[in-house]
Each structure stands twice: as structure tokens, then as C-alpha cells.
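All chains, full assembly: derive it from the sequences and hints.
Number of protein chains: 2
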Amino acid sequence: MIGIIGGGQLGRMLALAGYPLGLTFRILDPKPNAPASYLADHVAGSYDDHDALSRFARDLTIITYEFENIPIESVRLLAQTCPVYPPPDALATAQDRLLEKQFFQKLGIPTSTFAPINHRADLDTALARFGLPAVLKTRRMGYDGKGQITLRTPGDIPHAWERLGQHPLILESLVPFERELSVLAVRGHDRTTRFYPLIENTHRDGILHRSQAPAPHLSPDLQQEAETYAHRVLDALNYVGVLAIELFQFGTTLLANEMAPRVHNSGHWTIEGAETSQFANHLRAITGLPLGSTAPLGTAEMLNIIGTLPDPAEVLSRPDAHLHLYGKPPRPGRKLGHITYCTRSTSTP
Amino acid sequence: MIGIIGGGQLGRMLALAGYPLGLTFRILDPKPNAPASYLADHVAGSYDDHDALSRFARDLTIITYEFENIPIESVRLLAQTCPVYPPPDALATAQDRLLEKQFFQKLGIPTSTFAPINHRADLDTALARFGLPAVLKTRRMGYDGKGQITLRTPGDIPHAWERLGQHPLILESLVPFERELSVLAVRGHDRTTRFYPLIENTHRDGILHRSQAPAPHLSPDLQQEAETYAHRVLDALNYVGVLAIELFQFGTTLLANEMAPRVHNSGHWTIEGAETSQFANHLRAITGLPLGSTAPLGTAEMLNIIGTLPDPAEVLSRPDAHLHLYGKPPRPGRKLGHITYCTRSTSTP
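Here the protein sequences come in this chain order: A and B.
Numbered according to our numbering, the first sequence terminates at residue 1602, and the numbering increases by one at each position without gaps.
Numbered according to our numbering, the second sequence terminates at residue 1602, and the numbering increases by one at each position without gaps.
These aren't lab readings, by the way, just hints derived from the structure by calculation.
Honestly, I wouldn't trust all of these hints.
Quick list of in silico lysine to aspartate or glutamate cross-link-like pairs, DMTMM-like style, CA-CA up to 20 angstroms [to be verified]:
no.	chain 1	residue 1	chain 2	residue 2
1	B	K1581	A	D1294
2	A	K1581	B	D1294
3	A	K1359	A	D1458
4	B	K1399	B	D1409
5	A	K1399	A	D1294
6	B	K1588	B	E1554
Encoded structure:
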């Protein structure tokens, strides 16, 4: 049985992809109606409850995670008795925006200019160095645009400091990027590595809105550059599983923004749009099975369903539409599902 | 919540296809470890236990079935309080080989020559009429080649009669067909109907071994002929859901062998090989959602895994291989899973 820390939509889609491989699943998630709980064993405990952790871990063969805001101590504790993939170090790095940027820097992967901010004086020094606009972010617990404030004028600074100043922070220069991309890699235990084509992502209110794959106007050079950077991350972390790195494109330059050591929202199109989905490939990787082809099957566009549920009949009136609902009650700003539209190359042989 | 009578691999694949549509499932299956029980509510009762039937039916919005050998009385009882699709009449017809053949005949759909056999004298009369070789079959409860014996010489008759003579029987002339095909149709509540391309099937020991889709050398005329027959069946039964009809090809002639009012083993390739799988389309049909495209994505070959489990790593060493295991313990002659190999038309746009 595979253990998944977190029982959200990513865990749900992992389980859906894993049953055909003959796998069974147990999730750890404090929420009683977590999206994956309908189709997996469920330990409903908090991520730092040692009793829940030990009930979760019982008889598991492999543990993975689908959610990053879990105490790294819990993950390291679990790793003492059961292999955890991707490696806990990858999670520890991704959980802290400062460590993450320093990690990219150490590997020679370009990033925006950044500085750690522990005191108000650090902020002034950093702003004097790289000027406005800049983004002030909490080092930890940020996702979907939470925990970050863009500073455009000096007048934005006091409010931002008031809201975030009690946390360890990072200041990043605001890159005038042309577009956001992501690279999705999967690596097996034997270090075999496959890449999906780069994905172009559009955000709204800090939340992923739309992914297109392969990214329009994708040059082989750009794909190659992204793969080179991803390879460095995979090597440095002794990585096993799916890894996503979010990138800013800026002419022919790519800057690494952040990484996610897990299946990723920008890879949901792979369910129908690639020969093997990111979910199946993540599971193949961590269980030691050969990886599946990452070739795209035409082009795909994925739209997130956020906040309110659409009429499924309307969505599916396009015969190339694939609807994925996560079984969550609607709430503003919440990811409730996604729709993938596929355009195939000639469909009959 | 959708109720599925039967919790075998077809129920399991229905549930896997249905969660993304926001559906939840309850199965009725006497077996404690039925393949679908891992991912659905499970009422573990027998198909004729009224108490189990009523626990199963509680709060269901729609009932479907994935297994044909269920007492039709139970299905009709359930249909009094909850809509059942495909219509119970379709199941009643498919459960009895004689009714089924008479039904095809009434609709002008060609079949092999057949005769009801209730007494030994009927058998002699029928054999005198259409000669050997012929197949003696039980009218009911036959599947995967069970309950049928081929008569090639007069010496085969006494043994066959001894084994089957206590059941109501049907004798069918043995058609010297060139190949076996199946047509897979799906019809919605609004009578919208879509067809997958004809599938070529190869059996071993009476069990489906291999399906290829689209069937090699498929002419538009043959596809059209099969669709015409399927349309008659769908119309006559006021059908909703997926319907499979097994056909014998004989030059440019198609003879209907039997029908299955459910998702069908010969349609498993649609999971990766068609724009929308038979499982998703069956659920879309019965829940009143628009049907998805049935267009094939290249060519697909499906092989059943029967009796013994292969090494998954070996199966998946072909990067175009998709493995589907059903979570069943191995047993000779048992369908344990399937593998689909996909050959895509040009894979990048």
C-alpha cells in the first residue's frame, strides 16, 4: 500500500492513476471529506500528530506527498521506517523560498535578484539595492499567491511590512517576464529521466488559471535550457518522482521562480494530453516501474475551475472537453476542478 | 450516488472514470474483495437478497449494472424506485440466448441458424435441419465460453447432452466466419448516439484474448452495416448507455452473435485509445450529460491478462504500454487485467 501525505485533488488523481497499476492507497489528511478520501484508506489526523503518523505508516511500502505545507519533521520521522519519495530534502528546500532560491543559485540556475529580510532595515537595504517594483514574500507556507505582496511604490512598503513583517521574509525583484512556463520532469530509481514539453501558464489573482501544452512557440533551445536546469535539481537532490519547476521567460532567458517536488497543477493536461499522465509516471517512478512515454498527443489546454462549479452539461457540450471535479464544496478562490480541451493531430491512422 | 450492480473490473473502471465527473459510487457484490470495492461504497450481499437490495438502493440517483448474471426480478424491483440504465428489458433479452437471437431476427439483423432445444428430440430435429458442426449452448448463465459445447461429429452428441441436457438450450449452426468483430455504441437520454470504430477480437479457450481497434482493413461499408444493426437494437429497447454487439464477419456479411447491455471487454482500449473512454461515455449517457467524442487516437491493441500476473516492469518496459490490473488474486482462466498498446498518429502537432 502506498501512503500519500495529503488527500487533496493531487492525491485523488494519484489514486485514480494508481489503481490500474494494482496499487492501493492510504492518505493522511485532517479533513474528513478530503477529495482523495472517497477512494483510499483515510487516516484523519493532523500532520504533526505522532499517533496519526504511526497509524498512517503501518504496513506502507512507500510514502509520497501531494502537499507541501507539512512539517518536515513529520516527513523525516516517517522516512525512518518507510522510504519517502521525492526525498525529504527536496521538500525541505521547496518549503522555504530563501533556501530554494539559494539552491537554484548554487546550481547556476538563474533566478530573479533576491535578499533575505529579517528586519525592517534589511528591507530598506535590499530595496536600495534593487529598487521597485519588488515582491515581498514569506519564506514559508506560501501557495496560490498567498503570503506575498507586490511593492510598486514606496507607499506600499509600510502596509506590506505591517502584514508580513512578523515572518521571516524574502524580497525578490519583480521580473518583467514575457510569460510563465513550467517544466515537468520525472525520474526513476535508476535515474532514467523523462520530460514533458514545457507548459505555458497564466495566473489570475495568484492562482493558476490556464495551462497550454506544449507551450506555444516552443523552441527546442528553450526546452533544452529548461531540461538542463531541471537535471541539475534532480541530480543535486537524488530525486525520484515528478518534479515541477516554475520558470519566467524573458527573451531567450529562463529564470527559475520556484519548484514543487510533486505532481503539479500545470501538469493536469497530461491525463488526456500525453501518452502517460504525470500521476501514472510519478507512481511508476516511486515504485520502481519503468517510466511511460511523456509524448504529447496533440495540444492541450487546461483551465482551472475556481470558486464556483460550472454546469457539467455545458462544459461537456464540447466533445473534446474532459471534466475533472475534485468533490469539494465551492468556496471563493478554491480549486474545485479543471477542464482539459484536447486538439489531436489527425485522429484516424 | 450511482449504484452499480456487480463490483468486478467493469465496475472498478466505471468508478475510476466517474470520480472525475464528480460522481460517487456504491456497488452491490457478494464478494468481500470485489475489484471495485476499494474505491466505492460496498454492499456485500447476494443479488437476490431483498435486504441487501434495499440497503444498496438507499439514496441512489441512478442504477446501472456491469454484470449480466443477476436475477432480472432484482433489477425490476430496483427499477420501481430508482431509474435503471440500460433498460432492464435489454438485460432480460441479453440474459437468454434464445430471446436474444429471436430479438435480432425480429429486427432483421442476420444471425446464424438457431433452434430452441428443450428435449433430446428437438436436438435431433435441429441437427437434421442444419447439420454439423453446430454449437449447443445453455440459454442462460453463459459467459466466457462457459455453458457451450461444439458438436463436430455425431459422437460428440451424447456427451454434450449429458452435460447440458438438463438446462433449456439453444442449438446454433457453427458459422465459418473469417473474424469476430464488435460494435460499441453509446446512446444518451436525448437519443444522441455515437459509435466507436469496429473492433477485431480474437478469443482463446472461449475467452477474449486480444482486441484491435479500429479493426484492421475496416471498410466504411462494414462500419455502416454494424451501426445500422446497432441502431435497430438501441431503438427497439429505448436504450441508454453503452451497448456492445459481438459480430461474425463473413465476406461482406455481418452476423450478430450476442449483445452485452453494458461496457464491454472489447472496449477497454478506449481508455487510452479514444478521445473518451467507454466508461466515461456510459456514465455521461446514464447521467444525462453530453456524450464525448468516440474518435480513436491512432490504433490500439488490447491484450487480456488471464490466469497469471505478468511482471509489471516487463509489461511497462514498452513506453506505449498501459497496464490495468483489477486487484484480483490469480486463478486459471480468470481475467486479472489487461494491457493496451497505443500507436499514435504523429504525436506532435
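To see whether the hints hold, each was checked on the structure:
1. K1581(B) - D1294(A): Status holds; Cα separation ~18 angstroms.
2. K1581(A) - D1294(B): The given pair, whose Cα atoms are some 18 angstroms apart, holds under the 20 angstroms limit.
3. K1359(A) - D1458(A): 31 angstroms, violated
4. K1399(B) - D1409(B): With a Cα-Cα distance of about 17 angstroms, the restraint between K1399(B) and D1409(B) holds, given a limit of 20 angstroms.
5. K1399(A) - D1294(A): Judged against 20 angstroms, a Cα distance of about 30 angstroms means the pair is violated.
6. K1588(B) - E1554(B): 17 angstroms, holds
Checked against the numbered hints listed earlier, the structure breaks hints 3 and 5; every other hint is satisfied.
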